[in-house]
Each structure stands twice: as C-alpha cells, then as structure tokens.
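J.: Protein sequence lines, in the order shown, are assigned to chains A and B. Positions 1 to 262 (the numbering used here) are the ones given, in order, by the first sequence. Positions 1 to 203 (the numbering used here) are the ones given, in order, by the second sequence.
I should point out that these hints are in silico values taken from the structure, not numbers from a laboratory. Hints should not be assumed to be uniformly reliable.
Restraint-style ranges between C-beta atoms, simulated for each label pair [what the hints assert, rightly or not]:
no.	chain 1	residue 1	chain 2	residue 2	range
1	A	196	B	130	31 to 39 Å
2	A	21	B	58	33 to 41 Å
3	A	108	B	109	46 to 54 Å
4	A	254	B	141	52 to 60 Å
5	A	63	B	1	24 to 32 Å
6	B	67	A	27	34 to 42 Å
7	A	232	B	112	37 to 45 Å
8	B	202	A	253	55 to 63 Å
9	B	140	A	244	16 to 24 Å
10	A	133	B	1	55 to 63 Å
11	A	118	B	110	16 to 24 Å
12	B	55	A	27	40 to 48 Å
Pulled from the structure, derived: some chain A residues nowhere near chain B, Cβ distances all over 10 Å [to be verified]:
no.	residue
13	53
14	132
15	159
16	213
17	217
To list a few chain A residues with every Cβ distance to chain B over 10 Å, as calculated [what the hints assert, rightly or not]:
no.	residue
18	16
19	85
20	136
21	254
22	256
Each residue gets a CB set at the ideal place from its N, CA and C atoms; glycine is no exception.
Listed below, chain by chain, are the residues.
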Amino acid sequence: MLAPRIIPCLLVHNKGLVKTVKFKDAKYVGDPINAVKIFNEKESDELMVLDIDATVQNREPDYKMIENLATECRMPLCYGGGIKTVEQATRIFNLGVEKIAISSAAVENPKLLSDIAKEVGNQSVVVVIDVKKKMFGGYDVYTHNGTKKTKIDLEKFISELQSLGVGEIVMNSIDNDGIMNGYDLSLIEKIKPLIEVPMTVLGGAGSLNDIKTLIEKFGIIGCASGSLFVFKGKYRAVLINYPKSLEKQQLIKDSKVEVINV
Amino acid sequence: MIGIIDYGVGNIKAFSNIYQNLNIPFKVVKNIDDFENVSKLILPGVGSFDHAMTSLQSSGMKEKLDELVLAKKLPIIGICVGMQMLAKSSEEGVSDGLSWIDGVVKKFDKSKIKNGPLPHMGWNTLNIEKQNTIFDNLEENPRYYFLHSYYFECNNKEDVIATATYGEKFHCMINHENIYGIQCHPEKSHHNGIQLLKNFGEL
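Could you put the whole structure together from the sequences, leaning on the hints where they help?
T.: Below, the structure is given as structure tokens:
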C-alpha cells in the first residue's frame, strides 16, 4: 500500500537553518547538515530544503551546500531556491538531489518547467506555490519569499503547471506559516480537485493530529511541515523531531484513509 | 569490486556513500578503462527513458557493458530508469532499450489508480514473489521509496521476483540469470534499501 508522505521542510537563511512565522522573523534553529543526520536516523519519508535567500538576493544556488546535503541525505531530497535556468537545475540534479523545487521562476518563466522536465524527467520537477488569503475571499500568489504579490489566477496557474508537465505541486500558506494551528483546509479543499499530480501541503501543522486531519480528509497527500519537526512544546524549544515508524503507521491507520491497494 | 556506472544520469553519490559506509569496495566507472577489476555493476538511472539511453550510448560504454553482462555474465542491477533500460522499449520514448530482459516499459493506467496521482510517488510495500538471496535479512513487507510513472512489464513471469501495487500489481523487481532490475530507490530507502544493496554487494 502507498502511504501518505510526512515531510520535514527546512529553510536555509545565511547558511543556517531557520524557521519563520508568516515568512518573517527567521529564528535560527541549527545547522543544516546536522538536521539531515538526525532525519536520517529518524528515517523520515522525504526531506525538503528551501534556500529562502537565493531568489531574493538574486544569486546562484549554493552548490557546495546542496552537494553536502545530498551526500549526507539517505532519503529523497527536494531542493528549492534560486533556480532560474535548465543548467542550474541539471547541475543540482547531478549533485544527487531527487527533486527540484521552483517557485518564483515558475511564475516569471513557466516554460522553464517543461524545459527542466525534458532534462530530468517530469517526476522530479516540483512547484511550490506561496499563497496568501485575499481580503475578500480567494488567494493571491506571491513570489520572492512572500515579498512580491503577483496578479496570477491560482486555479489557472495550477492547470497551466500541469500541462507543462510538473510532477508535484506544493501548496504553501503564508498566513499559516509557523502558526502551528493546523493546515488551511479550505484552501486544500478548493485546490485538490484540480490537481492530478502528487500534492503536498505546507504551512500550519502544529501537531501530528493536524497531519492526521489532513490525511483523513485528503488521503494520499504529502504532509509537510517546518515548525512541527524543529520545535517542541508551546515555548517552541528547538528540538529536531519526527514520528517513529510505529507512530506513523498508527497515525495512518487511525486516519482510515482509503488507500490505493489491490 | 562493484562498479557504479556514471553516464551522467542518476545519483552516483548516494550509492557510493552507502557502499563506503558498508565497507564494500566500489568504484565509479566513467569510461571503458574504468571497468578493470570490476566484478559487479550498478546501472542507476533517473529522468526520461530516451535521455538515459542516449546518455549511455554517448558515454561509449554500451558495447563494453553488453560484453560484460551478456558474455561474461557479471552481476548487474538496474535501478529505477536503469531497470527500465533493461527492456526492449518504453512507451515513454522511441529509443531502443538494452533488451537484456524480455519485456517492455509501460505507463500506469490512470483509470485503474482511481483517485491516485501520477507519478506514483512515496513509500510503498514490496511483495516478494520468489525467493532470492538478494532479499536476505529484509524485514517482512519491506517498504521502499518510489518515484515513477512507467513500469517494466516482463514477458516471462519467472523473471519476476517482487511486485508492488499501485492501482494494479506491477513488476517491481526482476531477475534473469546475472541481471537484476528494481523500480524503487534502494539508495533512498533507509535500512531496507541499505540491506538490499548490501545483499547485492555480497551476491
């Protein structure tokens, strides 16, 4: 049986790991390589690492860091941050990264996605969509780490991404980032029926129960979180953590998800 | 010594790291001169079928591989697209495959997956269909990481040693004489993956 994926999402800022709240107030939480080692031990399903500076500073991805992460990582790794060209994407891919996440460049130059897919395969092209609620309903799509509002229509964008051949869509809620009070379920309800590729949700998980709720409602889905896996307790003490294998199995069992099976 | 074939496609480092930690001798093979002392081969692969086949052709290693695998019978394991390359052809592209194991590569039938997305992405169970030393010391119903939209379909059922299910049962691990193929990613599947690669190293 195929299981829903539970994915720690790590943010890199000034070469350290940070966690933000609503994309702001980056708090230092540790060293990226050390975190990867801990998630190896805990056998996490996947790992997502996003460099939140690269696009904003208009610089190249930090290849040395990516190589170090990929070398250490014993689970599938998704890297995002600063990728604007096919050459950059292939270079990163060849460092041993399974999936390439694109965000700002997907908005500015959607054709890039199909060009990258031709080189590395559709299954390895991930688009992260950062969204924020509009005052009177609906969602705005943001780029450049939440600093630039676009005029994009979210639903049209999602269908365009799929026709360009992306392999996964990550919906990231700026409003819920770091709040640890649950995912934006109404956003997912609205968007999920439009998505035929694997979908991952990011922003808001504060407990394993939030993940369970997501699986209960949506079945096979990627449940990503930053805060949940780097903080412990209501005072947000830094502690890298991840559910144990049995805990995870129980959670999936309890959510009574209709699994795709024989 | 294990030779990890580096033709510009696939995660060479992930395999090297695992064998390094296991203290199993290996080397990265980039051209025909590198095959010296190699007694076993890993053929990784990611991306599209045609891209992988074209890259292997242009690496200049294909003829040498045909010789080592078909005539000298060196054990080899093709992984992910590396497994698909063992087939005659693929629905994903127009290139000829290696034709080392009788079969073709097909795309998952969307109608059979119900609400499931494509690609088939995530952790799924491997069902062992036929005993093989490559499965030694694995836990029961081991789980592996998958990331693919196409799968290998064997023409000879006796070549199938493990299956997995995504909407329909598909051939996930195959073996014909010295040639093995596996669709999922043992190099990214924690302890079950390491065990399997160790078993291959000790074949």
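J.: Hint by hint, note whether the structure agrees.
T.: These are the hints, each one checked on the structure:
Taken as a hint, the range 31 to 39 Å holds for the pair residue 196 (chain A) and residue 130 (chain B), whose Cβ atoms sit roughly 34 Å apart. The hint said 33 to 41 Å for the Cβ distance between residue 21 (chain A) and residue 58 (chain B), and at roughly 50 Å that hint is violated. Range check, residue 108 (chain A) to residue 109 (chain B): Cβ separation about 36 Å, and the 46 to 54 Å hint is violated. In this structure the supplied range 52 to 60 Å is violated for residue 254 (chain A) paired with residue 141 (chain B), their Cβ-Cβ distance being about 20 Å.
Against the hinted window of 24 to 32 Å, the Cβ-Cβ separation of residue 63 (chain A) and residue 1 (chain B) comes to about 29 Å, which satisfies the hint. Separated by about 58 Å at the C-beta atoms, residue 67 (chain B) and residue 27 (chain A) break the suggested range of 34 to 42 Å. Under the hint 37 to 45 Å, the C-beta atoms of residue 232 (chain A) and residue 112 (chain B), about 43 Å apart, fit the expected range. The hint said 55 to 63 Å for the Cβ distance between residue 202 (chain B) and residue 253 (chain A), and at roughly 35 Å that hint is violated.
A C-beta distance of roughly 18 Å is found between residue 140 (chain B) and residue 244 (chain A), which places it inside the suggested range of 16 to 24 Å. Between residue 133 (chain A) and residue 1 (chain B) the C-beta distance comes to about 58 Å, which sits within the given range of 55 to 63 Å. Separated by about 22 Å at the C-beta atoms, residue 118 (chain A) and residue 110 (chain B) satisfy the suggested range of 16 to 24 Å. Checked against the given bound of 40 to 48 Å, the beta carbons of residue 55 (chain B) and residue 27 (chain A), roughly 43 Å apart, stay inside it.
Taking the minimum C-beta to C-beta distance to chain B, about 25 Å, the non-interface status of residue 53 (chain A) holds against the 10 Å cut. The Cβ of residue 132 (chain A) lies farther than 10 Å from every Cβ of chain B, with a closest approach of about 25 Å, so its non-interface assignment holds. A cut-off of 10 Å between C-beta atoms confirms that residue 159 (chain A) is not in contact with chain B; the least separation is 15 Å. With a least beta-carbon separation of about 18 Å from chain B, residue 213 (chain A) lies farther than 10 Å from that chain, consistent with its non-interface assignment.
Listed as outside the interface, residue 217 (chain A) is consistent with that label: its C-beta sits roughly 13 Å from the nearest C-beta of chain B, beyond the 10 Å cut-off. Non-interface status of residue 16 (chain A) relative to chain B is upheld: no Cβ of that chain comes within 10 Å, the nearest being about 24 Å off. No Cβ of chain B comes within 10 Å of the Cβ of residue 85 (chain A); the nearest lies about 17 Å off, and the non-interface call holds. Distance to chain B confirms residue 136 (chain A) as a non-interface residue, since its nearest Cβ pair spans about 32 Å, more than 10 Å.
Under the 10 Å C-beta cut-off, the non-interface status given to residue 254 (chain A) relative to chain B holds; the minimum distance is some 18 Å. Residue 256 (chain A), annotated as away from the interface, keeps every beta carbon of chain B farther than 10 Å; the closest lies near 15 Å.
Checked against the numbered hints given earlier, the structure breaks hints 2, 3, 4, 6 and 8 and satisfies all the rest.
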